[in-house]
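> In case you want the letters, here they are:
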Amino acid sequence: MKLAYWMYAGPAHIGTLRVASSFRNVHAIMHAPLGDDYFNVMRSMLERERDFTPVTASIVDRHVLARGSQEKVVENITRKDKEERPDLIVLTPTCTSSILQEDLQNFVNRASSTSYSDVILADVNHYRVNELQAADRTLEQIVRYYLEKARKQNTLNQSISNIPSVNIIGMFTLGFHNQHDCRELKRLFQDLGIQVNEIIPEGGSIENLRNIPKAWLNIVPYREVGLMTASYLKKEFGMPYVAITPMGIVGTAEFIRQIEFYINKWAPILLGKTVNYESYIDQQTRFVSQAAWFSRSIDCQNLTGKKAVVFGDTTHAASMTKILAREMGIHVVCAGTYCKHDSDWFQEQVKGYCDEVLITDNHTDVGDMIARLEPSSIFGSQMERHIGKRLDIPCGVISAPVHIQNFPLGYRPFLGYEGTNQIADLVYNSFTLGMEDHLLEIFGGHDTKEVITKSLSTDLDLAWDSDSLSELSKIPGFVRGKIKRNTEKFARQNSLSKITVEVMYAAKEALNA
Amino acid sequence: MSSNRVPDTLTFECETGNYHTFCPISCVAWLYQKIEDSFFLVIGTKTCGYFLQNALGVMIFAEPRYAMAELEEGDISAQLNDYVELKRLCVQIKKNRNPSVIVWIGTCTTEIIKMDLEGMAPRLEGEIGIPIVVARANGLDYAFTQGEDTVLAAMAHRCPDYNGASPNTTNQDQAIQGLLSFLPLKARNVYEEQSVSTHPPLVLFGSLPSNVVSQLNLELKKQSIQVSGWLPTQRYAELPSVGEGVYVCGVNPFLSRTATTLMRRKKCKLIGAPFPIGPDGTRAWIEKICSVFDIQPQGLEERELQVWDSLKDYINLVRGKSVFFMGDNLLEVSLARFLIRCGMIVYEIGIPYMDKRYQAAELALLQETCNQMGTLMPRIVEKPDNYNQVQRMRELQPDLAITGMAHANPLEARGISTKWSVEFTFAQIHGFTNARDILELVTRPLRRNLSLENLGWTALVKKDKINII
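Here the protein sequences line up with chains A and B, keeping their order. The opening residue of the first sequence carries number 0 in numbering that gives the first Met the number 0; numbering runs sequentially from there. The opening residue of the second sequence carries number 0 in numbering that gives the first Met the number 0; numbering runs sequentially from there.
Okay, chain A solo, but in the shape it has when bound (with noise of 0.2 Å):
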């Protein structure tokens, strides 16, 4: 058992069931007790979702701990199947399922025989892996299985494309601006004329999967999600991956010159001559990109030799630590990553660009490695931002878990040469921020404090009595001013001189606050 307050990853099948919703009709059927269902809540809030998210559950309850699920799951696969037509049913189990250990893949068996719909069984272990772990492990499965189909029936399209192409995998809902992400990188390969071939999961379709091996090569940006079934395809189908995170302007370049470097396998063959991307990168990175251009600038001088602590998921984490110290200038005392799992990989990729590296998923240790070392400014994810907040430092929000405000309406890449600028304005916004407050400090603040802080209200008339005030004291804080301005108003408009619980009350009724 462990004393947890706070998780930075979920539990496996939230996993699972991004990548099945983030499929256009594909229906997840949780095997799972009643409030399980809350992934609902998160996708229509977060990504305010305007569709009724493609997950049902199976509801586990007291009979079914009793006597077994029986027909329950069966119907409930069949009923959908009938209600609409997914092409594709996952059935999840969640982590009170699988200790129940009832055979869900005969119930999946049985299911499929009837519906016209696939149903397959997500293998995720509860108590093995987290939800990115998951997520990368279903989006394989679900791959794999309709790869396998599509071999068995020849449809399989094998024939590779005319001109460049690539499939995108690994971006999916609920994923830290994957969407703004995604649009950045059609942007870029529109730019270098290479074609998308597919984009797994997010909108993609089950029926186009077959399509994926006509791809020249896979793009997996991002470390957690995507990497299992790029190997899978390289296994099978030859298919060279670039798993390179274009988040930086030396990252973006790198992974261009990946790309490059897999086309030029093909191109002279099918386009006759070998494709050179290098005025390219250096049209955007000078001129395009403002970013190669901030780090000269003298606001970006100012930051040189700043502390950051960075902390985050495998990929955020690191392609951030290396933006920090490789691109600004900045000092990183301390990278580090809740990712346990990947943490050789993390270590060999900030190894050089900070003095420290943390490998934890425990928010506390978090928390003491940033009071210990008082960085200028943290990158992390949203509990690093209120780690921030308690002890007076700014944070930007570079990573997973987030909150509905990491989900912007406008766009917001952080891949890209877009994302270059994006992340420019964060990390300068982040240390300004912190320098004014410096500034104001020192100086005792501005001089309209007083002015500011001084009591609207003529306390003169009016007696509260001690009562009325601690039950004042009760309310909170940032509607505490109103409600006295309230009944001293009323107390003044009824004659009262003093001010009791009753008085209270009655303010409330008779103004309708």
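Honestly, the hints are just simulated from the structure, not real lab data. A few of these clues could be false.
Claimed, not checked - On the chain A side, residues computed to face chain B include the following (Cβ under 10 Å): (1) L64; (2) L270; (3) K272.
Unchecked claim - DSS-like, lysine-lysine: derived pairs with alpha carbons at most 25 Å apart: (4) A/K1 <-> B/K94; (5) B/K461 <-> A/K185; (6) B/K113 <-> A/K473; (7) B/K86 <-> A/K497; (8) A/K488 <-> B/K311; (9) A/K71 <-> A/K81; (10) A/K233 <-> A/K213; (11) B/K461 <-> A/K81; (12) A/K213 <-> A/K272; (13) B/K113 <-> A/K71; (14) B/K221 <-> A/K507; (15) B/K266 <-> B/K311; (16) A/K185 <-> A/K148; (17) A/K481 <-> B/K311; (18) A/K1 <-> B/K86; (19) A/K148 <-> A/K81; (20) B/K418 <-> A/K1; (21) A/K507 <-> B/K33; (22) B/K418 <-> A/K507; (23) B/K33 <-> A/K473; (24) B/K221 <-> A/K1; (25) B/K33 <-> B/K265; (26) B/K311 <-> A/K507; (27) A/K233 <-> A/K151.
All values derive from a computational prediction rather than experimental measurement. Beta carbons: idealized from backbone N, C-alpha and C, even for Gly.
Chain A is already provided as a structure; the job is to place chain B on it using the hints.
Just chain B now, kept in the frame of chain A:
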């Protein structure tokens, strides 16, 4: 499912139970804040923890007095000893927070692996010297607010026994004692007032914010009824004494287990009343308590009229509009009754669980209200099926759907206004004073509609998708 006609008597239906609601462990969110010296330990898996973290949002960062005892593979396969593990964590909690009570929340997982929490608690309690209360608030048996019911039922066992002789005043909230000091303002004699309480002790149960507690106390005070305690109290050490001769009354519709425990195990007398939600409910609640104590209520009618009068502007907005409760928090019947009284038409009252005995008075008031307002009785659908409900809503096109967050945005995108039902659980909705807050919530989407009217974009999903709800 077959017909969408609104029936003319109260009808009860039961569907498949495929509906969305919060897990009952969410009760720790408000209970740890209510009981200031408590610590809630939820014994469950990552799934439970992730739910709390996401559902409670910002609260999680405020050093809450709750935590997960996260079960690992070794716990599930019994390679680790539950008792030793729980002891280790509870000792740590005692060291760091020193609470007056630790509440263990049993979850689905502890049920399935049959972890004997009730057996371990007394032993561990003896060893570490802190009371341990066990509540099985799991998703196998309960929905959302019923979590509070399981905790309060467990706490009822810890209430000191009432022995008729001692006056039961030490257990009062500070707020009540405070209230006595300004009674002279009301031109009453304080000393007389205190000695006046000739009625048997009355204990109210249900967790409410302390402001609302003092408001309700005050309302009863006006009828010369002295509330001798609340379950729960601000502090665990101040739990009220209960026993034979004590009257108890619930303030929330989801507390049937607590009511049963107080009646059967503690021999209290239950006052079955409608719940003090809305001015009509509040008046009926007070009247019922008065009638039990043989007191003639004073000025209640005027008080209710005065509140209705102050609600006029909002009532004009809701009158004639239709509502559909999808059902997830058991407040539905009381809210529907209030809204019907406000002139609304209720098509369907979805509800997770309907205790017809505990809610008898509320159901009777609902029926009476329907007759009085000349509206048809809504259908009450227990264990609803969300998919079927959405189909029904498609046909009925209600002006307002009161629903969980999972359905709110998709319904809004299809042009059906929604109000998030969980807000009713967290807002102050009890008593005369807070009637306006209920309508504030109910009218918010309607007021939003007024301000966005004439823009011409209400259905915001692509044409071909609108019908595939």
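> Hints first: check each against the structure and report whether it holds.
Each hint tested on the structure:
1. L64: holds (6 Å)
2. L270: violated (38 Å)
3. K272: Check failed: Cβ of A/K272 comes no nearer than 42 Å to chain B, outside 10 Å.
4. A/K1 <-> B/K94: holds (16 Å)
5. B/K461 <-> A/K185: holds (24 Å)
6. B/K113 <-> A/K473: violated (42 Å)
7. B/K86 <-> A/K497: violated (53 Å)
8. A/K488 <-> B/K311: holds (22 Å)
9. A/K71 <-> A/K81: OK: A/K71 and A/K81 at ~15 Å, within 25 Å.
10. A/K233 <-> A/K213: This hinted pair holds, its Cα atoms lying about 13 Å apart.
11. B/K461 <-> A/K81: holds (22 Å)
12. A/K213 <-> A/K272: Measuring from Cα to Cα gives roughly 20 Å; hence the hint holds.
13. B/K113 <-> A/K71: holds (23 Å)
14. B/K221 <-> A/K507: Roughly 18 Å between the alpha carbons, so the hint for B/K221 and A/K507 holds.
15. B/K266 <-> B/K311: violated (44 Å)
16. A/K185 <-> A/K148: violated (29 Å)
17. A/K481 <-> B/K311: Within the cut-off at roughly 23 Å; holds.
18. A/K1 <-> B/K86: holds (12 Å)
19. A/K148 <-> A/K81: Holds: A/K148 and A/K81 sit about 23 Å apart, inside 25 Å.
20. B/K418 <-> A/K1: violated (38 Å)
21. A/K507 <-> B/K33: holds (23 Å)
22. B/K418 <-> A/K507: holds (24 Å)
23. B/K33 <-> A/K473: Distance of about 12 Å is within 25 Å: holds.
24. B/K221 <-> A/K1: The hint is violated at about 51 Å.
25. B/K33 <-> B/K265: holds (23 Å)
26. B/K311 <-> A/K507: holds (16 Å)
27. A/K233 <-> A/K151: holds (19 Å)
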